[in-house]
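S.K.: Sequence:
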Amino acid sequence: MTKFKENVIKIVSKIPYGKVMSYGQVALCASFPRGARQVGWILNKLNYEETKNLPWWRVVNNEGRISIKNSEYLPPEQKQKLEAEGLKIKKDLTFDINNYRYIPTPEEYLELTDDFLDEKF
DNA sequence: ATAATGACATGTT
DNA sequence: TAACATGCCATTA
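Numbering of the first sequence is given in our numbering, commencing with residue 1 and proceeding in unit increments.
Watch out, some of these pointers could steer you wrong.
As the list claims (entries may be wrong) - Within a straight-line C-alpha distance of at most 27 Å, the following computed DSS-like cross-link-like pairs (lysine-lysine) qualify: (1) K3 to K19; (2) K79 to K14; (3) K19 to K69; (4) K19 to K91; (5) K19 to K45; (6) K52 to K19; (7) K88 to K3; (8) K88 to K69; (9) K45 to K5; (10) K91 to K5; (11) K81 to K69; (12) K45 to K3; (13) K79 to K69; (14) K45 to K10; (15) K19 to K5.
To be verified - The following label-pair restraints were derived from C-beta to C-beta distances: (16) N61 to K10: 16 to 22 Å; (17) F4 to P106: 27 to 33 Å; (18) N98 to K10: 22 to 28 Å; (19) R65 to Y17: 17 to 23 Å; (20) F4 to Y102: 25 to 31 Å.
Honestly, the hints are just simulated from the structure, not real lab data. Since the model is a prediction, treat every value here as computed from it, not as a measurement. Using N, Cα and C, we set each Cβ at its ideal position, and we do this for glycine too.
Taking the hints into account, I'd like the entire structure generated from these sequences.
M.R.: Encoded structure:
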């Protein structure tokens with residue numbers, strides 16, 4: 001279990017009901033500024049126990065598109081879970097992420113680094 | 001050690 | 001709008 005994975009799990013588990021974050025955002029908040037792809041990789045490899053208590057469906061790409069691939073889970077499943085939380089998703093699996101994007105407060109960011117602060121603020 | 005792969009992001013054609 | 005290119009970096013082959 002790497003620090004990065006722990007942080008990703010912490011961040012994702014904090015996304016409120018009905019809100020979403022992009023992979024890049026999650027990476028930033030986990031103090032891995034350019035780890036977007038690794039976030040996706042981690043979510044893809046989560047075991048059952050981990051997915052059970054983690055709202056992985058609230059993580060989408062930065063354009064508001066469901067971009068799941070080669071996973072146990074399929075795009076329609078994620079779409080259904082998001083719609084169940086009130087999001088309106090088009091049939092091409094896109095939606096207006098700016099209506100639902102979750103912006104964490106600085107207190108919720110983990111292990112802030114100088115590099116991170118330079119980039120974000 | 002080197003190369004390919006990916007639930008990504010951003011900019012340019 | 002869509003396709004392409006480049007950067008990214010852990011994991012896998």
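S.K.: None of the hints should be skipped; say for each whether it holds.
M.R.: To see whether the hints hold, each was checked on the structure:
1. K3 to K19: OK: K3 and K19 at ~25 Å, within 27 Å.
2. K79 to K14: Roughly 20 Å between the alpha carbons, so the hint for K79 and K14 holds.
3. K19 to K69: Roughly 21 Å separates the two Cα atoms, so the pair holds.
4. K19 to K91: holds, 19 Å
5. K19 to K45: holds, 23 Å
6. K52 to K19: Status holds; Cα separation ~18 Å.
7. K88 to K3: Judged against 27 Å, a Cα distance of about 34 Å means the pair is violated.
8. K88 to K69: holds, 21 Å
9. K45 to K5: holds, 11 Å
10. K91 to K5: Between K91 and K5 the Cα gap is close to 32 Å, so the pair fails against 27 Å, i.e. violated.
11. K81 to K69: holds, 17 Å
12. K45 to K3: holds, 16 Å
13. K79 to K69: holds, 14 Å
14. K45 to K10: holds, 16 Å
15. K19 to K5: It holds: about 21 Å lies between the C-alpha atoms, which stays within 27 Å.
16. N61 to K10: 16 to 22 Å: For N61 and K10 the Cβ distance comes to about 21 Å; the hint holds.
17. F4 to P106: 27 to 33 Å: Given about 20 Å between the Cβ atoms, the range is violated.
18. N98 to K10: 22 to 28 Å: Since N98 and K10 have Cβ atoms about 24 Å apart, the given range 22 to 28 Å holds.
19. R65 to Y17: 17 to 23 Å: holds, 21 Å
20. F4 to Y102: 25 to 31 Å: At 20 Å between Cβs, range violated.
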